[in-house]
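*Asks:* One-letter residues, chain by chain:
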Amino acid sequence: DAGVTQSPTHLIKTRGQQVTLRCSPISGHKSVSWYQQVLGQGPQFIFQYYEKEERGRGNFPDRFSARQFPNYSSELNVNALLLGDSALYLCASSGGLGWGTEAFFGQGTRLTVV
Amino acid sequence: KQEVTQIPAALSVPEGENLVLNCSFTDSAIYNLQWFRQDPGKGLTSLLLIQSSQREQTSGRLNASLDKSSGRSTLYIAASQPGDSATYLCAGRPSGSARQLTFGSGTQLTVLP
Numbered sequence: 001d002a003g004v005t006q007s008p009t010h011l012i013k014t015r016g017q018q019v020t021l022r023c024s025p026i027s028g029h030k031s032v033s034w035y036q037q038v039l040g041q042g043p044q045f046i047f048q049y050y051e052k053e054e055r056g057r058g059n060f061p062d063r064f065s066a067r068q069f070p071n072y073s074s075e076l077n078v079n080a081l082l083l084g085d086s087a088l089y090l091c092a093s094s095g096g097l098g099w100g101t102e103a104f105f106g107q108g109t110r111l112t113v114v
Numbered sequence: 115k116q117e118v119t120q121i122p123a124a125l126s127v128p129e130g131e132n133l134v135l136n137c138s139f140t141d142s143a144i145y146n147l148q149w150f151r152q153d154p155g156k157g158l159t160s161l162l163l164i165q166s167s168q169r170e171q172t173s174g175r176l177n178a179s180l181d182k183s184s185g186r187s188t189l190y191i192a193a194s195q196p197g198d199s200a201t202y203l204c205a206g207r208p209s210g211s212a213r214q215l216t217f218g219s220g221t222q223l224t225v226l227p
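Line by line, the protein sequences are chains A and B. Counting from 1, position 58 in the first sequence corresponds to residue 58 in the working numbering; the numbering is continuous, with no gaps. For the working numbering, add 114 to where a residue sits in the second sequence, where the first one is 1.
Worth double-checking, as some hints may not be accurate.
The list that follows gives simulated cross-link-like pairs (lysine-lysine, DSS-like), each with its CA atoms no further than 25 Å apart [claimed, not checked]: (1) Lys115(B) to Lys182(B); (2) Lys52(A) to Lys30(A); (3) Lys156(B) to Lys30(A); (4) Lys13(A) to Lys156(B).
Across the chosen pairs, the derived CB separations fall in these ranges [what the hints assert, rightly or not]: (5) Val38(A) to Thr224(B): 42 to 48 Å; (6) Arg67(A) to Thr224(B): 25 to 31 Å; (7) Lys156(B) to Arg63(A): 23 to 29 Å; (8) Val38(A) to Tyr145(B): 36 to 42 Å; (9) Thr9(A) to Tyr145(B): 30 to 36 Å; (10) Ser184(B) to His10(A): 40 to 46 Å; (11) Lys30(A) to Arg169(B): 42 to 48 Å; (12) Pro154(B) to Leu82(A): 21 to 27 Å; (13) Ser7(A) to Ser160(B): 44 to 50 Å; (14) Gln41(A) to Tyr190(B): 21 to 27 Å.
Please keep in mind that the hints were generated in silico from the structure rather than gathered at the bench. For glycine and all other residues, C-beta sits at the position ideal for the given N, C-alpha and C.
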């Protein structure tokens, strides 16, 4: 079975532009979460979606938005890119909302803002 | 607010050595704790998940323990190999915000042949 897949793997954007990152969860998983990891730090929580509804939001500006589709795949959008948005963006899927469920991560999308 | 700390930040050991990685968290009311491995520039690979009702989990040469009362978890790696070289991250799912994982900054492990 395929694990969590993310696309693209790398991309370079200019300050002020907008970017869309995509994630497909493990088959049967209904929960998708997004994390941002800057170099040398642990991942920081951005959003969680479950059954197409936002169920959690981290401390990120409104420039960050996301959605989940009927097939449980998800997109993360970032508007008005800043240099500080350069990071590895990770998607995680799990079978439930949280508590006892195990999170499985994709390989990430490396975003570079120049 | 849950905070997770991992010490040391980096560790270098000779091949074959047994080693322990440490993880501490400020809020003992966690639902579970998960250990991950991350290779440079890559995503996270789940190693072990410990539920709040458990004290330890084992997978092959890996053993993870959880002591909620002291706010600590340890990852024990037996007979280390060069292929174990990676960054190891622990993450807790806090009771106040179970939707998210709160991560430490990781321990970068190098196993020398």
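*Asks:* Provide an ascending list of the numbers of those earlier hints which the structure does not satisfy.
*Replies:* 5, 6, 8, 11, 13
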